[in-house]
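Colleague: These protein sequence lines map, in sequence, to chains F, X, G and S. Residues in the first sequence are numbered consecutively from 60, following our numbering. Residues in the second sequence are numbered consecutively from 60, following our numbering. Residues in the third sequence are numbered consecutively from 60, following our numbering. Residues in the fourth sequence are numbered consecutively from 60, following our numbering.
Derived from the structure by calculation, the hints contain no laboratory data. Treat the hints loosely; a few may be bogus.
Which copy? The list can't say, so a pair holds if one copy fits it or any two copies do.
What the hints assert, rightly or not - Each computed SDA-like pair below joins lysine to any residue, with the alpha-carbon atoms no more than 20 angstroms apart:
#: 1; residue 1: K347; residue 2: I267
#: 2; residue 1: K192; residue 2: L241
#: 3; residue 1: K292; residue 2: E93
#: 4; residue 1: K347; residue 2: E318
#: 5; residue 1: K206; residue 2: S293
#: 6; residue 1: K190; residue 2: Q329
#: 7; residue 1: K347; residue 2: Q286
#: 8; residue 1: K313; residue 2: T338
#: 9; residue 1: K347; residue 2: V359
#: 10; residue 1: K308; residue 2: Y277
#: 11; residue 1: K190; residue 2: D245
#: 12; residue 1: K143; residue 2: R301
#: 13; residue 1: K192; residue 2: D147
#: 14; residue 1: K113; residue 2: D351
#: 15; residue 1: K63; residue 2: L276
#: 16; residue 1: K192; residue 2: E180
#: 17; residue 1: K192; residue 2: D303
#: 18; residue 1: K63; residue 2: S103
#: 19; residue 1: K313; residue 2: N186
#: 20; residue 1: K206; residue 2: T338
#: 21; residue 1: K292; residue 2: D71
#: 22; residue 1: K347; residue 2: R289
#: 23; residue 1: K190; residue 2: S144
#: 24; residue 1: K192; residue 2: F330
#: 25; residue 1: K113; residue 2: L229
#: 26; residue 1: K313; residue 2: S94
#: 27; residue 1: K135; residue 2: S219
#: 28; residue 1: K292; residue 2: R137
Now for the letters of each chain:
4 protein chains.
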Amino acid sequence: MSAKIPLNRLLDLSQPEFLAAIGGIYEKSQWIVESFYNFTLSPSLDAAVIQDNKEKITNVRVLFNEIELLLRNSSKDRQLQLLKSHPDLCLKIEAATEITEESKHEQKSSGLSTLTAEERETFTSLNNEYKAKFPFPFILAVRNASKQTVLSALRGRVHSTLEQEMDCALFQVNKIAWMRLLDEVDAPEGKTHGGFLTCHVLDTANGIPASGMVIELYVHENMDGVQQSRLLKSFVTNSDGRLDGPALKGEEFKVGMYEWRFYLGDYFAQFSGSRISGTPFLDVVPLKFGLDDPTEHYHVPLLASPWSYSTYRGS
Amino acid sequence: MSAKIPLNRLLDLSQPEFLAAIGGIYEKSQWIVESFYNFTLSPSLDAAVIQDNKEKITNVRVLFNEIELLLRNSSKDRQLQLLKSHPDLCLKIEAATEITEESKHEQKSSGLSTLTAEERETFTSLNNEYKAKFPFPFILAVRNASKQTVLSALRGRVHSTLEQEMDCALFQVNKIAWMRLLDEVDAPEGKTHGGFLTCHVLDTANGIPASGMVIELYVHENMDGVQQSRLLKSFVTNSDGRLDGPALKGEEFKVGMYEWRFYLGDYFAQFSGSRISGTPFLDVVPLKFGLDDPTEHYHVPLLASPWSYSTYRGS
Amino acid sequence: MSAKIPLNRLLDLSQPEFLAAIGGIYEKSQWIVESFYNFTLSPSLDAAVIQDNKEKITNVRVLFNEIELLLRNSSKDRQLQLLKSHPDLCLKIEAATEITEESKHEQKSSGLSTLTAEERETFTSLNNEYKAKFPFPFILAVRNASKQTVLSALRGRVHSTLEQEMDCALFQVNKIAWMRLLDEVDAPEGKTHGGFLTCHVLDTANGIPASGMVIELYVHENMDGVQQSRLLKSFVTNSDGRLDGPALKGEEFKVGMYEWRFYLGDYFAQFSGSRISGTPFLDVVPLKFGLDDPTEHYHVPLLASPWSYSTYRGS
Amino acid sequence: MSAKIPLNRLLDLSQPEFLAAIGGIYEKSQWIVESFYNFTLSPSLDAAVIQDNKEKITNVRVLFNEIELLLRNSSKDRQLQLLKSHPDLCLKIEAATEITEESKHEQKSSGLSTLTAEERETFTSLNNEYKAKFPFPFILAVRNASKQTVLSALRGRVHSTLEQEMDCALFQVNKIAWMRLLDEVDAPEGKTHGGFLTCHVLDTANGIPASGMVIELYVHENMDGVQQSRLLKSFVTNSDGRLDGPALKGEEFKVGMYEWRFYLGDYFAQFSGSRISGTPFLDVVPLKFGLDDPTEHYHVPLLASPWSYSTYRGS
């Protein structure tokens, strides 16, 4: 993968360079990014206006929102045209020569090439039903989606109304564009996307922060189709049951699947009333979660007793 | 490991055979099991009484409770003697020639032989503090306990009062005896220990049972010191969000560490309002739990939305 | 309110009697119930067919589903006609002489007559927006809805697409029809609607069922506009943390707002390690919940430690 | 009740005044506070030392910890003497002329005077068992404890060992002393005790902070033996699902029972996909909790979907 371009440098590019960089984020629909450039950065505009526009685009999220607005305000026909431009997930990837490089990559990882005969039949049947009902192909922006996820989503969405499904498909298309944009554009030089990951452990048996608990953070990586987990960092919770600072931030905070491992058994063994023995019900508690947006705060806490726990996406 | 003896056959053994089979469940304290035999099964008793006693011992739990009662009703001196008979966890295993085979096995897996110098120092210091305070060695019945668990328990219990700690140590000793008894004695012929494992998934976002969700059950095994997980079974939840029958029961229901994997991402993708895309916050949710008692019912459910979940040991 | 008619007797009525009994469940649209009668119970049908049809309608839910199917399979025009037949929530109730008796009753309890000037303005503005966008009035089937609930729902739904909103409005219309049907029709003679309420308390601090806990069940009643709670029953949880049998079933199981009160403080005080003192964080825990469908099982449990609790609609 | 004395003024009192103010916090054991005065504030000490000591006592918690340390370091005999000085909860209050005014007040509110004959019998029997086992009376520091709480605690503690129970009784005695100290001493002039109450609502169905939700805060007051709730404040959650600042702090933050009421039904009605209708399962969610320590932060959040919720004491 080529290096990403910092946001401030991107905004200084000429139109051809700009389109070469991010013109392809919407499938075969360069007009969207082109319109954005022309309305916002074109040399035909007044220099002060251009400068003003550039200053407003403080991060990648703002840039994306501006671009996406042009799609939203476009006619239903143009939106439909965009949806129709997407490849059909069901047709064999090798046969689909009109697919862009980006979407080829995205489809492979969903594991569609390894369908059983029975699964392929279910899939084809649902996809045919979908195509008969809607004037555009089924679009799903889940990264590394399993075939089950694709089938499950297809099974659910085939029952939508046209308006609902058009709304949903545009949501997926925008999500794909956003992910492609993030693949190409970095934060402005000297800055980061701003997202970070925090943790907190509460001991609900004693009504106190769980201090002194060991926590490990792993990242899940797809190595040639095999899922592997790699230890990133180890922590010990402080007196407030928190980590001293974010677990991930700046460059380290990357989209992907992660896993906390909480050493709950060790923590609860310390209580003198503890009757820990045999095989504890809860020992090392794994908590697997996805980071999807590099501009957001993810607070992923644990509330635990020796016999129960819960977690949630906090903020 | 030699084959286990069914409970009914055990009760028919002569005193020497009986003691050979289970006399060693309390460390170097055969008198406890011996007393039990003499009070309950000795040929010197009336035949009708023996028969009656045998019939009352319907399962291994009843047998253990009867034996343990004799320890509880014994004098404080004899109890203290029993505690003192236990090996010192801190002394090198190889140097401890007076340790019985059973406790040698149990100590090895706690990974004490791989302490760093610093950890050994902390450990020795705490253990010395413990020995100065209490007239018996530190006893912990956690199977495969990590050194952290041992240290954590030691750190907590060193602050107990003598009465509290004697109570705790006897609890651990009884737990060890119970585990050793289960290693030797099977359920009566034609029966099982009676424990079983069940599951239930509730969709808290929609207030309904999560039906049609794929769940896998793994067992965690210690292969030459390396933890490995092995797939045991796959399930699909029924219309009530449950499995059709216990996930484990009878012979299959063995003490150990297990793991559910819930295919939450696939499940929630089916809802037509679902905005699933990118990297979902929750996808495959792992839930690692220990089964400790082969005579009990373990209900290990999941309550989940796309953004939160909780679990607990139910019944 | 007149007495309800048992389901079996309803099915024996003549067409005029049948329509007099339940013809009005869909606002000003007697044709739906009329169609049902003609297709299923009309004397012009073969006697064996009628008998067969009656036997299939084993409970009120089946009856409703059969009637509702006729609406679902009707043309979009007729569905739109039905939606348009509903009164406008915004117009003053006294001025709305064309409103049926049923909907008059339902509107009053939503407290719309007590809007402040500012609220009325917000309401009118949103309602005008709604009417300009959709060709039918805003319909909401919430019993005793507060003005905030109505405004909140209006605020959300005004942004829907036409298809989404038509779907939603039909859902509300069906819900109103279902509630009206339940007001008129009882279970078959000698039977009940089948719904029941159960409870379960888990002690998540100790990983055991919370046995011996006192639980009270209250019903919330609207007395001349004032909410009052009335004690229905007291329970003590059994050894499995459950009640011995359903808390409500049969005739007692009525739609409405209820409240469990769990005597958590008393329960946790019994543990010898308990440091209960001062003002406990949790003492008597109230849990207020609505029963909405007299044909369903409501399982409303509590999972609690002295410092945390959770609940959910189970099954 | 007479006005409280600010901490800084208390420390300037003469010994007789000081003892008159807080000498009675430990039942009939003025020597504890007297020792504190003599060691810390006595005019016989060097003026610079006194000044230094005063400066170290920055808040009531520090003051209490210093006093309590003297009790902890005293001989077991003196501790036992203190425990024995407490009145017997079982003897009729009117007959107990040797009870100090403070403990008389505390006993009345536990409702012991309204025991049924059967309850009195259980109570007396347990209390006799307790007195036969322990050389001091049963002590419980729960404010407004119901008779069930007292019985439950008595039932649990009667099984403790002497060491455990002496530890527990001293904990209760210290808690009583702490509560009495807070009744007499205010924060230093111009300051507060420092405790505050915060809230947070997470929408676990959508994985976002629940913004725009109405929350009310009530206080529960005991009016002539009748529990009444009084509305203190209303809030609307901000974009982060929090309140703008603490709900209670400074003078307002008083020990007692409180209740949040969360307008959950209104909140979830706004979602266009919401199928709200009939009687919602959750509408106004009550959450009753105790504030026990005026120097601490109480974070009492709600995690909720339309079908489930949980809460906990956070920090």
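Colleague: State for each hint whether it applies.
Modeller: Now the hints, each set against the structure:
1. K347 - I267: Answer is between; shortest inter-copy Cα gap is 19 angstroms, intra-copy 24 angstroms.
2. K192 - L241: neither (33 angstroms within a copy, 37 angstroms between copies)
3. K292 - E93: Intra 43 angstroms, inter 53 angstroms, cutoff 20 angstroms: neither.
4. K347 - E318: both (4 angstroms within a copy, 13 angstroms between copies)
5. K206 - S293: between (34 angstroms within a copy, 17 angstroms between copies)
6. K190 - Q329: The answer is between: 18 angstroms across copies meets 20 angstroms, while 60 angstroms in one copy does not.
7. K347 - Q286: Both: 13 angstroms inside a copy, 18 angstroms across copies.
8. K313 - T338: This pair counts as between: shortest inter-copy Cα distance 11 angstroms, intra-copy 36 angstroms.
9. K347 - V359: both (10 angstroms within a copy, 18 angstroms between copies)
10. K308 - Y277: within (15 angstroms within a copy, 34 angstroms between copies)
11. K190 - D245: Answer is neither; intra-copy 37 angstroms and inter-copy 46 angstroms both fail.
12. K143 - R301: Neither: 48 angstroms inside a copy, 41 angstroms across copies.
13. K192 - D147: Answer is within; shortest intra-copy Cα gap is 15 angstroms, inter-copy 35 angstroms.
14. K113 - D351: Neither: 26 angstroms inside a copy, 54 angstroms across copies.
15. K63 - L276: Answer is neither; intra-copy 26 angstroms and inter-copy 42 angstroms both fail.
16. K192 - E180: Intra 18 angstroms, inter 42 angstroms, cutoff 20 angstroms: intra-copy only.
17. K192 - D303: neither (53 angstroms within a copy, 36 angstroms between copies)
18. K63 - S103: neither (27 angstroms within a copy, 75 angstroms between copies)
19. K313 - N186: neither (33 angstroms within a copy, 44 angstroms between copies)
20. K206 - T338: between (36 angstroms within a copy, 15 angstroms between copies)
21. K292 - D71: Neither way: K292 and D71 sit 38 angstroms apart in one copy and 53 angstroms across, limit 20 angstroms.
22. K347 - R289: Answer is both: 13 angstroms inside a copy and 19 angstroms across each meet the 20 angstroms cutoff.
23. K190 - S144: For K190 and S144, the Cα distance is within 20 angstroms only inside one copy (14 angstroms; across copies 36 angstroms).
24. K192 - F330: between (62 angstroms within a copy, 18 angstroms between copies)
25. K113 - L229: The answer is neither: 27 angstroms in one copy and 48 angstroms across copies each exceed 20 angstroms.
26. K313 - S94: neither (30 angstroms within a copy, 60 angstroms between copies)
27. K135 - S219: both (18 angstroms within a copy, 16 angstroms between copies)
28. K292 - R137: neither (48 angstroms within a copy, 49 angstroms between copies)
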